[in-house]
Amino acid sequence: MRRLMVSILEQPLKIPGGLSLASNKAQSLREPLRQAPIPERLIVPLSQHIGEAAEALVGVGDKVLKGQVIARSLNYISAPVHAPTSGTVTDIGEYPVPHPSGLKGVCIVIHADGHDTSAATGLAMDNVFAADAADIRQRVREAGIVGLGGAGFPTAVKLNPGPQRQVELLVINAAECEPYISCDEALICCCTQDVIDGVRIMQHALGATQVVIGIEDNMPRAIECLRDGLARAGSHDIRIVPVPTTYPAGGEKQLIYALTGEEVPSQGLPADLGIVCHNVGTAAAIARALLRGEPLISRVVTVTGAGVRNPCNLEVRIGTPMAEIIEAAGGYTDQVSRLLMGGPMMGISMPSDRVPVIKTTNCLLIASREEAPPPLPASACIRCGQCTDVCPARLLPQQLYWHAHAREFDKIQDYSLFDCIECGCCAQVCPCHIPLVQYYRFAKTEIWDQERQRQKADLARQRHEFRLERLEKEKKALEERRAHARKGLEKRPKAGDADAKKAEIAAALERVKAKKASQDAAARNIDQLTPEQQARIAEVDARRSGDGTAGR
Amino acid sequence: MLTATLALGILSALFGLLLGYSAIRFKVEGDPIVEQIDALLPQTQCGQCGFPGCRPYAEAIAAGEADINQCPPGGDSGIQALAELLGVDPKPLNAEHGVPQEKRVAVIDEQTCIGCTLCIQACPVDAIVGAAKQMHTVVAEECTGCDLCVPPCPVDCITMVPVKQDIVTWKWPYPESDTRPIVIARQA
Amino acid sequence: MTYRPVVISAVFLFLFAVIGSGLVAFTHDNTAEQIAENQRRALLRSLNELIPKDQYDNDVYADILYVHDSELLGTDDAVPVYRARKGGWPVAVVLAPVAPDGYNGNIRLLVAIRLDGTLAGVRVLAHRETPGLGDNIEADRSDWIRGFTGKSLNNPKQDHWKVKRDGGAFDQFTGATITPRAVVKAVKNTLLYYRANGDKLFEQHPQENKQS
Amino acid sequence: MSELALILVSTVLVNNFVLVKFLGLCPFMGVSRKIETATGMALATTFVLTLSSVCSYLANEYLLAPLGLEYLRTITFILVIAVVVQFTEMVVHKTSPLLYQVLGIFLPLITTNCAVLGVALLNVQDKHGFLESAVYGFGAAVGFSMVMILFAAIRERVAVADVPAPFKGSAIALITAGLMSLAFMGFSGLIKG
Amino acid sequence: MDFPTQSSPYLPVANNLSRLMTQVMLGLIPGALAMFWFFGWGVLFNLTIATLSAVTAEAAMLTARRRPVKATLLDGSAVLTGLLLGLALPPLAPWWMPVLGAGFAIVFAKQLYGGLGYNPFNPAMVGFVVLIISFPLQMTLWPPPLGMHTGATLGFVDTLQMVFGGTVPAGTGLDSLTMATPLDAAKTQLGLDYTWSEILARPLFGHVGGYGWEWINLAYLLGGLWLWRKRAIHWQIPGGMLSALFVVALLFYIADSDAFGSPLLHLFSGATMLGAFFIATDPVSAATTPRGRFYYGAGIGTLMYVIRTWGGYPEGLAFAVLLMNMAAPTIDYYTQPRVFGHEEQ
Amino acid sequence: MTAYKDIVRDGLWSNNVGLVQLLGLCPLLAVTGTFINGLGLGLATLVTLVTSNVIVSLIRKLVRPEVRIPVFVLVIASVVTIIELSMSAYLYELYKVLGIFIPLIVTNCSIIGRAEAFASKHDIGRAFTDGLSMGMGFLLVLTTLGGLREIVGKGTLFSQAHLMFGEAARAWTITFVDDYSGFLLAVLPPGAFMGLGLLIALKNVIDGRKEKRAALVSAAKIESPA
Ligand SMILES: Cc1cc2nc3c(=O)[nH]c(=O)nc-3n(C[C@H](O)[C@H](O)[C@H](O)COP(=O)(O)O)c2cc1C
Ligand SMILES: Cc1cc2nc3c(=O)[nH]c(=O)nc-3n(C[C@H](O)[C@H](O)[C@H](O)COP(=O)(O)O)c2cc1C
Ligand SMILES: Cc1cc2nc3c(=O)[nH]c(=O)nc-3n(C[C@H](O)[C@H](O)[C@H](O)COP(=O)(O)O)c2cc1C
Ligand SMILES: Cc1cc2nc3c(=O)[nH]c(=O)nc-3n(C[C@H](O)[C@H](O)[C@H](O)CO)c2cc1C
Ligand code: SF4
Ligand code: SF4
Ligand code: SF4
Ligand code: SF4
Ligand code: FES
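Protein chains in written order, with my numbering: chain A, 1 to 552; chain B, 1 to 188; chain C, 1 to 212; chain D, 1 to 193; chain E, 1 to 345; chain F, 1 to 226.
Source of the hints: derived by calculation from the structure; they are not laboratory data.
All of these numbers come straight from a predicted model, not from anything done at the bench.
We put the CB at the ideal spot given by N, CA and C, even for glycine.
Any given hint could be a false lead.
Unchecked claim - Cross-link-like lysine to aspartate or glutamate pairs, in silico, EDC-like; alpha carbons within 16 Å at most:
1. A:Lys-456 x B:Asp-67
2. B:Lys-91 x B:Asp-67
3. A:Lys-456 x B:Glu-141
4. C:Lys-185 x E:Asp-193
5. B:Lys-171 x A:Glu-446
What the hints assert, rightly or not - Derived DEER-like restraints, expressed as beta-carbon distance ranges:
6. C:Glu-49 x B:Leu-14: 29 to 37 Å
7. B:Ala-131 x A:Leu-471: 17 to 25 Å
8. D:Val-9 x C:Thr-174: 30 to 38 Å
9. D:Val-91 x B:Ile-33: 17 to 25 Å
10. C:Ala-78 x D:Glu-70: 18 to 26 Å
11. F:Val-205 x C:Asp-166: 52 to 60 Å
12. E:Asp-258 x D:Val-9: 21 to 29 Å
13. A:Glu-472 x F:Ala-117: 37 to 45 Å
14. D:Val-9 x B:Ile-10: 38 to 46 Å
15. B:Ile-10 x F:Asp-123: 27 to 35 Å
16. E:Thr-56 x A:Leu-376: 22 to 30 Å
I would like the entire structure built from these sequences, with the hints used as guidance.
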């Protein structure tokens with residue numbers, strides 16, 4: 001096992017690039033976190049996060065209890081879905097889901113019975129801190145917990161760094177760098193104990209020797225709460241480090257850099273450095289699951305913006321249609337012009353408020369025209385380089401733009417397109433108003449699509465070649481048979497029949513074999529991939545579906 | 001005049017010897033370019049290019065017998081890739097060979113199918129399964145959407161349906177708020 | 001491995017080379033004289049502009065001498081001197097000196113000096129001065145260069161062999177002083193050279209120190 | 001030594017073969033669409049140009065001059081060049097498939113690159129010796145390569161620009177070349193003589 | 001309720017093109033005023049004519065290309081091209097020179113490539129170079145920088161007549177109205193084997209640079225620094241250019257102070273500061289990577305020195321800028337920054 | 001076999017050496033300072049093209065591939081040298097002006113290009129026609145560009161005609177603007193590049209117009225029966 005040395009810096013670093021943005025968090029923090037009412041009808045998508053969609057376990061008409069598993073995960077990188085409240089399944093079908101495409105996805109629709117009766121989940125553990133890490137992971141997995149801070153990556157996977165890696169440092173991401181969003185701060189102030197318990201459970205499960213909570217230095221109240229909480233719990237080994245307020249200091253790689261001075265390798269994971277990074281909300285969810293047996297069926301959502309009457313933070317059941325939440329926050333004002341899921345920098349705009357809240361919905365920004373004006377007409381890039389100045393990934397956004405603009409997908413990858421975290425800083429400063437991030441997203445999805453097409457073409461080529469070979473063989477066999485038959489006719493007219501038959505059988509056998517071989521070939525096609533290739537495919541798949549559910 | 005002819009004559013005779021010798025000495029066979037071209041073709045195997053499948057078309061291009069703009073499934077991006085590989089100018093798709101269409105797959109109407117196996121024989125990638133006199137189905141993942149199975153069917157039970165777009169295959173659109181026209185790479 | 005093809009290619013190339021070079025050689029033989037004549041006439045035309053044809057009767061083109069003087073003639077190379085005679089008597093010499101300090105480098109001149117040291121004329125053979133500025137030294141573009149005709153080291157005085165801007169007697173062009181300055185200096189130097197060596201220039205016989 | 005350095009600077013910058021002397025323009029326009037191909041062409045040309053500059057010097061010095069056959073210069077030089085090119089191509093093709101992939105398709109084009117013959121003829125005209133010929137050839141090739149690669153990089157940018165339709169392609173490329181030669185005018189007068 | 005959708009980010013954008021261009025124009029004011037002070041009305045005529053022609057040419061081309069005219073003109077880039085060209089031309093230049101130069105700049109160097117953002121070469125400098133190689137005579141006729149305070153500069157009406165009518169005011173000649181610029185004169189004198197100390201003693205020269213020119217350069221420097229403070233330009237290009245010019249000049253100056261001008265002279269003569277802060281920084285045609293910008297600037301500084309010192313033109317800025325424009329795409333290619341999380345190349 | 005009509009159209013317009021194939025650029029740009037220079041080199045190239053095309057077509061079946069290029073080159077070089085010698089004998093002044101570009105006709109890519117691409121595959125008649133039309137096309141571009149550059153750059157046309165047509169031709173010079181100070185750019189290298197760029201753009205405009213008209217006509221044809 002490789003031991004990695006990571007040390008937390010005395011003075012957090014400034015991240016490369018980035019922007020200073022007006023935080024706009026105060027309005028939603030005026031009142032403390034409260035519960036949103038449970039709606040009559042909940043729409044629970046089967047795919048809410050990065051990774052494979054879950055498979056429904058219930059049928060239409062089934063009665064379900066709160067916390068009951070209604071869809072199971074089939075895949076390692078996947079998470080089960082639980083009923084957010086008790087009621088009846090009225091439909092399983094396609095409904096609009098929060099995704100930039102505005103397309104529909106499979107959802108389970110539950111009519112709440114209003115009792116909110118809990119099911120026995122068996123998730124709670126008696127003595128978590130004595131438990132085996134594998135057991136903890138299993139329960140985290142069964143609780144359907146995914147990262148609540150970003151892309152919604154299944155948390156159990158991240159808690160398992162693998163046998164080759166030793167995790168030394170657990171970074172808790174409480175930075176909440178995007179403007180308007182305050183759900184983490186609300187959670188920290190309201191459920192400090194849950195957060196701390198969760199952090200300690202993670203520390204235990206990972207065997208991390210150091211824990212640091214990274215939090216932006218403009219959240220003094222949350223820092224205070226955490227300090228108090230930690231002191232009360234006697235967890236003096238958990239450090240709180242305020243990092244300079246810069247968007248996107250909360251990005252995983254940026255936060256790790258700010259805290260430790262280490263750069264997560266491109267295409268790599270923090271675990272490569274011996275670091276794992278989790279959001280505070282994720283920590284709280286783990287604590288609730290393992291200490292109180294509650295699976296992930298609700299989360300804190302910031303409802304804010306000039307378009308909503310009473311900006312606030314609400315604890316919302318997964319599957320609640322957004323309209324209901326906005327209602328719970330006092331309803332729309334007449335300034336409303338746009339509905340965003342997530343913050344103003346990375347959020348996705350919703351075509352309607354009928355879509356449900358999912359596990360990764362951290363914020364609903366109901367923006368006015370002033371807060372989120374319609375896009376200005378773009379002009380060609382003048383290479384002013386302002387985008388380069390602010391890019392936290394130290395990319396050359398203008399170069400990426402030129403190649404995306406020209407659809408030069410090979411070249412754009414030479415400029416490390418896939419290191420772009422889509423933070424939006426570049427587009428925010430561009431004097432030419434170019435929708436840069438959309439260009440990158442366009443290029444990324446286009447490249448994934450090409451990759452898919454290429455794989456398909458490779459398969460088709462193999463199958464076609466195989467077929468040609470088969471036909472060739474059949475033709476030869478036929479000719480042989482004919483020749484044979486002719487010979488037979490000349491010599492032994494009677495025996496011909498039997499021979500022909502034999503040949504036919506042989507040919508049939510051949511065909512069967514061929515078919516089998518072809519299947520083998522197809523199977524090999526997947527087998528022969530190197531682990532990296534497989535990982536990449538998995539990654540691509542994951543990211544693709546992640547698009548829908550994550551704030552990316 | 002004599003010196004002139006002699007000097008140059010001898011010089012070139014020497015050169016001739018040198019070249020003739022090296023032509024034999026440094027002979028090279030094989031043509032890897034075909035593979036490279038083939039790798040760029042979409043492998044739909046539809047034959048719209050006028051060749052029986054993608055590879056023959058690749059060979060024809062390599063031999064200079066076919067132009068690069070004859071493959072409708074490859075579309076403009078395919079032509080561009082070929083142009084880049086071969087170092088020639090891209091040109092618009094030759095409409096004689098068809099127009100690019102959205103991706104489609106064959107679907108067999110299972111009620112109507114009489115199990116004649118004609119479509120199986122037509123399918124270039126063995127994407128149709130089913131024994132004689134039984135109902136046939138198309139393995140959608142393997143179907144390249146080449147249309148070849150449609151004409152042979154005696155009861156017209158095969159239809160080509162567009163591949164449905166879902167969240168996984170969805171692509172971000174090219175930003176349109178950019179007022180400039182879309183430039184297809186390297187037409188200049 | 002058979003070497004037949006090798007021989008065939010060799011023979012082929014040989015044949016074509018022989019035919020080609022044969023034809024070229026044939027043409028060459030038939031045109032060589034004409035070409036030499038052309039070259040001669042081309043130079044003569046320039047010379048005749050400086051020294052009218054009726055003033056001499058020798059074959060100026062052949063009556064040639066090469067001299068060296070990098071100081072006064074502006075170049076390390078040999079400078080040809082053509083000599084015009086009438087009835088065997090020297091009439092004038094034509095030198096081809098170089099003005100090395102033009103705006104863009106060398107300016108090649110043709111300077112004709114009569115026996116008495118007055119200028120029969122000056123022409124520019126080649127230069128790289130800025131078109132539109134410095135190229136007014138060409139006879140086709142302005143009369144400036146013709147202004148030298150008849151001048152000598154006494155006319156104007158030797159210390160007036162300068163452009164006006166430097167206090168001399170010769171015009172400069174608007175915006176371009178360097179070029180005329182260089183030309184004036186080169187012509188003056190040529191005259192100085194002639195004053196020092198003029199008598200010797202007619203002595204030697206062409207064949208004696210022909211040089212290439 | 002400084003003489004040779006002067007020749008080098010002069011051929012690369014001041015009397016750049018392509019932009020000032022107008023030699024080798026066809027490959028300059030023809031294979032400069034992409035940086036990679038331009039680089040390949042540049043390498044191939046550098047090699048051939050230097051070699052043939054030397055070879056034709058030898059041919060002139062030891063064959064034509066002694067026999068008084070200067071008028072056969074063009075024929076001889078072009079023959080030498082054609083053979084050098086053809087020979088290089090065959091050898092490279094056989095011995096280094098990788099290099100051939102990079103340079104292969106450009107080699108035959110070089111025969112008709114008039115910079116090559118131009119260098120040979122200018123060597124004679126300027127009375128260069130052996131070393132000078134080599135340096136002159138090399139300098140010309142470096143100048144050619146340099147502007148070719150820079151040009152290709154610009155063309156890649158121009159290819160994705162919003163160029164008016166009639167100017168798309170070679171027209172704008174020529175105008176770009178024109179602006180480049182405009183810039184190179186700045187070097188005029190740098191080396192006098 | 002339904003909403004419009006778009007890609008993130010959504011926050012209002014404060015930055016825009018016309019603001020950037022306006023800042024650059026504001027930055028030019030001190031330098032332009034200084035030039036007006038020293039050279040008189042001709043400067044103003046140049047600026048007006050060049051700007052009007054540039055805008056007209058832009059409008060005409062946009063119309064011909066069927067592109068939005070008004071919106072594009074409002075970005076201010078054509079105006080800026082005109083202004084910069086106007087500042088580079090000799091005052092008293094006949095009216096058709098700024099017209100021709102600006103037309104050439106906009107049509108050939110900008111619009112044929114697709115307009116703002118696509119031009120590989122600096123339009124204003126293309127216009128300038130076209131003029132200097134075509135009309136070297138007119139382009140070297142600079143009036144002496146006498147200054148308004150002496151009352152010796154040409155009056156408004158005289159200038160008007162000269163620019164539009166080509167008529168020289170009575171009692172003067174073209175030769176007396178114009179003279180070589182300090183750089184030009186120095187070059188000429190050096191050719192005559194004068195030493196720098198002799199040359200510098202002439203009234204053509206002031207404290208560190210050419211008389212008048214040093215103040216003009218100082219004014220441009222101030223405007224440039226303001227631009228940098230405003231983040232309209234990056235420091236690398238002017239920094240690279242000025243430091244390269246300084247270092248190269250210093251090396252030669254140390255080697256032979258009689259034959260080569262002092263570094264300060266180079267920094268404060270001719271178009272150095274205008275070039276460093278306003279021309280070399282044209283983002284469209286310059287290198288864009290942070291490191292690349294520095295090399296790009298350094299290249300301009302070096303080439304400028306080479307052309308000033310040994311070349312055929314007294315001022316090398318325009319050529320140096322165009323030459324480095326040529327190299328900019330290649331520089332960009334080879335100076336990509338290390339991406340976050342990538343190994344050092 | 002290619003029809004004669006197509007060969008001619010190709011050479012003169014649709015596959016023009018200078019405007020479309022972009023071959024033979026060096027002389028095209030270098031010697032087109034004046035109309036007469038362009039004419040002189042154009043004629044020399046024309047003769048070379050025709051002769052070499054015919055000879056190559058004659059010997060096309062005899063040559064082995066490995067010496068094909070050297071043989072073609074030899075043929076062309078011989079023709080060019082003969083022309084060069086003849087020019088210096090009979091058109092000496094013009095010869096001096098065109099300078100190194102006469103021997104460089106050898107490497108005019110269009111000549112060897114035509115030999116390779118056309119003459120080595122076609123019979124004499126076609127090879128001759130091809131050479132003639134390609135050469136004419138090239139000549140056309142050379143003279144157009146030369147004329148334009150001369151007019152813009154010097155304000156004259158047909159100056160120096162005496163180099164080709166003898167002393168009597170001195171008077172042919174047309175001066176457009178008296179006292180024209182000249183627009184040097186046009187005569188200098190940059191002007192050559194840009195001039196050719198503009199010519200190509202002009203051709204593209206004409207082609208575009210033609211295409212549009214053709215499209216209109218065919219559209220009308222389709223519509224009319226309906
Ligand atoms: C495609 C992909 C694959 C990942 N694979 C792993 C993994 O194997 N192990 C792990 O611990 N984390 C993995 N992660 C989680 C990341 O380290 C990261 O924590 C997660 O993407 C959330 O970060 P974000 O919201 O900044 O995108 C993966 C993430 C993605 C997007
Ligand atoms: C630009 C950017 C900004 C982010 N900002 C935050 C943030 O402020 N807080 C946070 O918890 N996660 C943020 N994330 C997500 C983190 O990178 C990371 O996915 C998350 O902290 C991992 O924890 P989780 O797996 O528990 O969600 C951001 C991601 C990106 C790309
Ligand atoms: C591009 C350019 C080219 C020039 N070419 C010449 C030239 O060929 N001959 C010349 O004498 N001066 C030329 N000059 C002018 C000199 O620089 C200098 O101004 C002049 O010779 C001396 O100036 P004066 O006449 O005011 O003393 C040129 C100037 C420039 C800018
Ligand atoms: C800092 C800055 C410097 C500029 N410098 C120039 C310049 O030197 N020449 C010019 O034509 N335009 C200049 N422009 C304007 C604009 O970028 C230019 O017209 C574009 O090159 C046209 O596409 C400048 C703009 C900015 C922001
Ligand atoms: S900020 Fe915009 S205009 Fe400036 S370089 Fe980046 S993409 Fe181009
Ligand atoms: S969106 Fe991508 S390119 Fe733009 S600043 Fe963020 S990381 Fe850089
Ligand atoms: S047209 Fe059809 S068969 Fe031909 S290359 Fe394209 S996909 Fe293959
Ligand atoms: S199933 Fe039909 S459409 Fe699909 S690949 Fe086979 S033949 Fe083509
Ligand atoms: S004519 Fe083609 S390279 Fe010179």
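Hint check:
1. A:Lys-456 x B:Asp-67: Given that 16 Å is the threshold and the Cα spacing comes to 25 Å, the pair is violated.
2. B:Lys-91 x B:Asp-67: 10 Å, holds
3. A:Lys-456 x B:Glu-141: Judged against 16 Å, a Cα distance of about 8 Å means the pair holds.
4. C:Lys-185 x E:Asp-193: 15 Å, holds
5. B:Lys-171 x A:Glu-446: Judged against 16 Å, a Cα distance of about 6 Å means the pair holds.
6. C:Glu-49 x B:Leu-14: 29 to 37 Å: 51 Å, violated
7. B:Ala-131 x A:Leu-471: 17 to 25 Å: Hint holds: Cβ distance 18 Å, inside 17 to 25 Å.
8. D:Val-9 x C:Thr-174: 30 to 38 Å: 33 Å, holds
9. D:Val-91 x B:Ile-33: 17 to 25 Å: 20 Å, holds
10. C:Ala-78 x D:Glu-70: 18 to 26 Å: Given range 18 to 26 Å: holds, Cβ gap about 21 Å.
11. F:Val-205 x C:Asp-166: 52 to 60 Å: Taking Cβ atoms as reference, F:Val-205 and C:Asp-166 lie about 55 Å apart, which means the hint holds.
12. E:Asp-258 x D:Val-9: 21 to 29 Å: 24 Å, holds
13. A:Glu-472 x F:Ala-117: 37 to 45 Å: Distance hint for A:Glu-472, F:Ala-117 holds at roughly 38 Å.
14. D:Val-9 x B:Ile-10: 38 to 46 Å: At roughly 40 Å between Cβ atoms, B:Ile-10 and D:Val-9 fall inside 38 to 46 Å, so the hint holds.
15. B:Ile-10 x F:Asp-123: 27 to 35 Å: Once the Cβ atoms are compared, 34 Å apart, the range 27 to 35 Å for F:Asp-123 and B:Ile-10 holds.
16. E:Thr-56 x A:Leu-376: 22 to 30 Å: Since the Cβ atoms of E:Thr-56 and A:Leu-376 sit about 27 Å apart, the hinted range of 22 to 30 Å holds.
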